[in-house]
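*Asks:* The primary structure of each chain is shown beneath.
2 protein chains.
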Amino acid sequence: MLVSQIGEFGLIDRIAGILPQQCAGVIKGIGDDVAVLDTSGPEYLLATCDIQVEGVHFMRDVITPYQLGRRVAAINVSDIAATGGDPRWALVSLAIPADMEVEYIEELYRGMREQMGLAGAFVVGGNVSRMKSAIVVDFTLLGLVAPGRLTLRSTAREGDAVLLTGAPGESRAGLELIRRPELALSPFARQRLLEKHLCPQPRLDEGRFLARSGLVTSMIDVSDGVIGDLSHICQSSGKGAEIEAAGLYLSPDLLEAALAAGAAPLEWALSGGEDYELMFTAAPEAVPELKKMLLEETGISCVRIGRITAGAEVVLRLADGARVVPAAKGWDHFGG
Amino acid sequence: MLVSQIGEFGLIDRIAGILPQQCAGVIKGIGDDVAVLDTSGPEYLLATCDIQVEGVHFMRDVITPYQLGRRVAAINVSDIAATGGDPRWALVSLAIPADMEVEYIEELYRGMREQMGLAGAFVVGGNVSRMKSAIVVDFTLLGLVAPGRLTLRSTAREGDAVLLTGAPGESRAGLELIRRPELALSPFARQRLLEKHLCPQPRLDEGRFLARSGLVTSMIDVSDGVIGDLSHICQSSGKGAEIEAAGLYLSPDLLEAALAAGAAPLEWALSGGEDYELMFTAAPEAVPELKKMLLEETGISCVRIGRITAGAEVVLRLADGARVVPAAKGWDHFGG
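For the protein sequence lines, the chains are E and B, in the order given.
Number 485 marks the last residue of the first sequence (my numbering); no jumps.
Number 485 marks the last residue of the second sequence (my numbering); no jumps.
Since the hints were made in silico from the structure, they are not lab data.
Hints may contain errors.
Any copy, or any two copies together, can satisfy a pair, since identical chains are not distinguished.
Below, simulated SDA-like cross-link-like pairs (lysine to any residue); rule was C-alpha separation at most 25 angstroms, straight line [as the list claims (entries may be wrong)]:
{"#": "1", "residue 1": "281", "residue 2": "326"}
{"#": "2", "residue 1": "441", "residue 2": "395"}
{"#": "3", "residue 1": "440", "residue 2": "389"}
{"#": "4", "residue 1": "281", "residue 2": "211"}
{"#": "5", "residue 1": "440", "residue 2": "468"}
{"#": "6", "residue 1": "441", "residue 2": "396"}
{"#": "7", "residue 1": "281", "residue 2": "329"}
{"#": "8", "residue 1": "281", "residue 2": "247"}
{"#": "9", "residue 1": "281", "residue 2": "150"}
{"#": "10", "residue 1": "440", "residue 2": "458"}
{"#": "11", "residue 1": "281", "residue 2": "250"}
{"#": "12", "residue 1": "440", "residue 2": "350"}
{"#": "13", "residue 1": "281", "residue 2": "201"}
{"#": "14", "residue 1": "440", "residue 2": "366"}
{"#": "15", "residue 1": "281", "residue 2": "159"}
{"#": "16", "residue 1": "281", "residue 2": "246"}
{"#": "17", "residue 1": "440", "residue 2": "398"}
{"#": "18", "residue 1": "281", "residue 2": "154"}
{"#": "19", "residue 1": "281", "residue 2": "208"}
{"#": "20", "residue 1": "281", "residue 2": "214"}
{"#": "21", "residue 1": "281", "residue 2": "162"}
{"#": "22", "residue 1": "441", "residue 2": "308"}
{"#": "23", "residue 1": "281", "residue 2": "155"}
{"#": "24", "residue 1": "441", "residue 2": "398"}
{"#": "25", "residue 1": "281", "residue 2": "153"}
Note that the coordinates shown come from a computational prediction; the quantities given were computed from them, not determined experimentally.
Start from the sequences and build out the full structure, keeping to the hints where you can.
*Replies:* This is the structure in structure tokens:
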């Protein structure tokens, strides 16, 4: 059987089946974005990694090395943000062709340093290796979280409201502008959407604030798309969910880009990945206070996009009342 | 300027120049094999990683996926062993072509599980991604060490004896047998040397014992070759060293393979990398007791191969008294 036949998540299931399930010191292991580990210290250790491959995750002629450095760091900071924790230290493994410019590598690390600095974190180790043709960057980020502030994807409760920060789908729109640079768009919208895709800003302060509020029952960062990551929450919580299409915030820039591309903005918002916004759940009665406090504390808005149900599926309720089970399950790196 | 012009260690120097030098919670950062981090817990956190690239570090038709899994885990366990610490948890990033057999990946993780199990450690997370042609495995290993037991490469003292476990150069001999399978060798020697190269056994118990003894002043694992890694000890300790060629243990299997290959066994022993033995320093008067105790406790022999000097170079003293400064600085992944 080939990897392409079972897809990314099928492969992860197979790998999880081989690895031991109960491990000393492991609070959360395989299957979550972030491993949560007990070092016998006052805080839990958080560990996450993300491998970025040239030609798969990025194109060298589209993203500058500085942007790439920021991006790989941001993606991992976003995972730590969703736990409510603090990023601290990173290890970077780099595989590159021997004929690369040293300046390219320096710019890459400048980008990482900058993004890590914004999070109060540092690159403290790693290794470099030769690779025939492509650039591969694997970024491993360690963080710490007080046990009482740890938020997980697996703890959503039936009846909880589902909330989302920011404007989903904008990263997908930015990707479309890279693929089809001929699309006619206002310069400001084009620049914003490209930046959203190339240089996402992780919601670190927001994650910490939400965890501290004590009002959030589960949280995840949106890397696999709204439906994909809500499915992750539902599967690991043993619940279902209903998304109200009318609840999603579709930004003017997103609408402009989708119109230019002849695409459905709702589809981009629901299934476009790599937004790195936070999706979280809370009791319905806590929602008004939570929205108000998040805006006051961080300047970031969130909207209510649905609710957790007793079911096992993520169902989409359209504005006309029709209920559909969306096929799009988010990004799958093997197209399985 | 190209990466191939400054080499692996030149590139690491450039990267270190960009990253901040003083970071909160960092006991040892860039430049060591293992980052040593203070989580405010009772033990220091250890973090190391190693990226293995098909076609550079391994060939798919030479090493089985199970052996590859053991090998990538072993390489990292060896780094933790040299600190005197305990391996605990690993994250694995994998990039593979979509047309790979799922069974290959399962065997790879079985190998990792097995090697980690021997160390009392577990794979607890990671991620998988598509890659056009080659397999890339990045293995990040976390460990813990009591602050009083941490051994570093940077604390060798002038006059210390330099000691080495095992039989250096055997991994290099195994590599030669892979490159030139036509070489005539006794079947047992061939099998042992191939295993030494493909499935190295990290010296974990030995590292823990040596750290616990309180007699070791510095330690490193031999991945870059005896000269290469002694140079790392010397550079980070601000010292020099003298190796006595006659002190090295050249195993019968190594001699047989070098003879068949028309190669110099001493050169393989000094500059062949990937032995994953432990090299350490201690006061000369402690050597007899240390050798005896290590053998009794772990069954592994070590030999005295030289001493730390006030100089700045690693000098080799041949059996006839001639002193040479060896050119070979060990493995450089960019051939710089």
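*Asks:* Determine for every hint whether it applies to the structure shown.
*Replies:* Hints versus structure:
Taking the closest pair of Cα atoms, residue 281 and residue 326 come within 25 angstroms of each other only across two copies (24 angstroms); inside a single copy the shortest separation is 30 angstroms, beyond that limit. When the C-alpha separation of residue 441 and residue 395 is checked against a cutoff of 25 angstroms, the pair qualifies only within one copy, where the shortest distance is 20 angstroms, while the shortest distance between copies is 76 angstroms. Taking the closest pair of Cα atoms, residue 440 and residue 389 come within 25 angstroms of each other only inside a single copy of the chain (23 angstroms); across copies the shortest separation is 63 angstroms, beyond that limit. In this assembly of identical chains, the alpha carbons of residue 281 and residue 211 lie at most 25 angstroms apart whether taken from the same copy (21 angstroms) or from different copies (19 angstroms).
Taking the shortest alpha-carbon separations for residue 440 and residue 468, only the intra-copy value of 23 angstroms comes in at or below 25 angstroms, while the best inter-copy value is 78 angstroms. Taking the shortest alpha-carbon separations for residue 441 and residue 396, only the intra-copy value of 17 angstroms comes in at or below 25 angstroms, while the best inter-copy value is 73 angstroms. When the C-alpha separation of residue 281 and residue 329 is checked against a cutoff of 25 angstroms, the pair qualifies only between copies, where the shortest distance is 23 angstroms, while the shortest distance within a copy is 29 angstroms. Taking the shortest Cα distances, residue 281 and residue 247 sit within 25 angstroms of each other both inside one copy (8 angstroms) and across copies (19 angstroms).
Taking the closest pair of Cα atoms, residue 281 and residue 150 come within 25 angstroms of each other only across two copies (18 angstroms); inside a single copy the shortest separation is 27 angstroms, beyond that limit. Taking the closest pair of Cα atoms, residue 440 and residue 458 come within 25 angstroms of each other only inside a single copy of the chain (21 angstroms); across copies the shortest separation is 66 angstroms, beyond that limit. Proximity of residue 281 to residue 250 under the C-alpha cut-off of 25 angstroms is found in both arrangements, the shortest distances being 15 angstroms within a copy and 22 angstroms between copies. Taking identical chains as interchangeable, the C-alpha atoms of residue 440 and residue 350 lie at most 25 angstroms apart only when both belong to the same chain, with a minimum of 20 angstroms there against 55 angstroms between chains.
For a Cα distance limit of 25 angstroms, the shortest separation of residue 281 from residue 201 qualifies both inside one copy, at 16 angstroms, and across copies, at 13 angstroms. When the C-alpha separation of residue 440 and residue 366 is checked against a cutoff of 25 angstroms, the pair qualifies only within one copy, where the shortest distance is 15 angstroms, while the shortest distance between copies is 57 angstroms. Proximity of residue 281 to residue 159 under the C-alpha cut-off of 25 angstroms is restricted to the inter-copy arrangement: shortest distance 19 angstroms between copies versus 29 angstroms within a copy. For a Cα distance limit of 25 angstroms, the shortest separation of residue 281 from residue 246 qualifies both inside one copy, at 5 angstroms, and across copies, at 15 angstroms.
Taking CA atoms no more than 25 angstroms apart as the test, residue 440 paired with residue 398 passes inside one copy only; the shortest distance there is 14 angstroms, against 70 angstroms between copies. Taking the closest pair of Cα atoms, residue 281 and residue 154 come within 25 angstroms of each other only across two copies (16 angstroms); inside a single copy the shortest separation is 27 angstroms, beyond that limit. For the identical chains of this complex, residue 281 and residue 208 are neighbours both inside a copy (16 angstroms) and across copies (13 angstroms), given an alpha-carbon limit of 25 angstroms. In this assembly of identical chains, residue 281 and residue 214 lie within 25 angstroms of each other by CA distance both inside one copy and across copies; the values are 19 angstroms within and 21 angstroms between.
Taking the closest pair of Cα atoms, residue 281 and residue 162 come within 25 angstroms of each other only across two copies (22 angstroms); inside a single copy the shortest separation is 30 angstroms, beyond that limit. With identical chains, the CA atoms of residue 441 and residue 308 are at most 25 angstroms apart within one copy only, with a shortest distance of 21 angstroms there and 67 angstroms across copies. For a Cα distance limit of 25 angstroms, the shortest separation of residue 281 from residue 155 across copies, 18 angstroms, qualifies, whereas the shortest one inside one copy, 28 angstroms, does not. When the C-alpha separation of residue 441 and residue 398 is checked against a cutoff of 25 angstroms, the pair qualifies only within one copy, where the shortest distance is 17 angstroms, while the shortest distance between copies is 72 angstroms.
In the homo-oligomer, the alpha carbons of residue 281 and residue 153 lie at most 25 angstroms apart both inside one protomer (24 angstroms) and across protomers (13 angstroms), since each shortest distance falls under that limit.
Hint compliance for this structure: no hint is broken.
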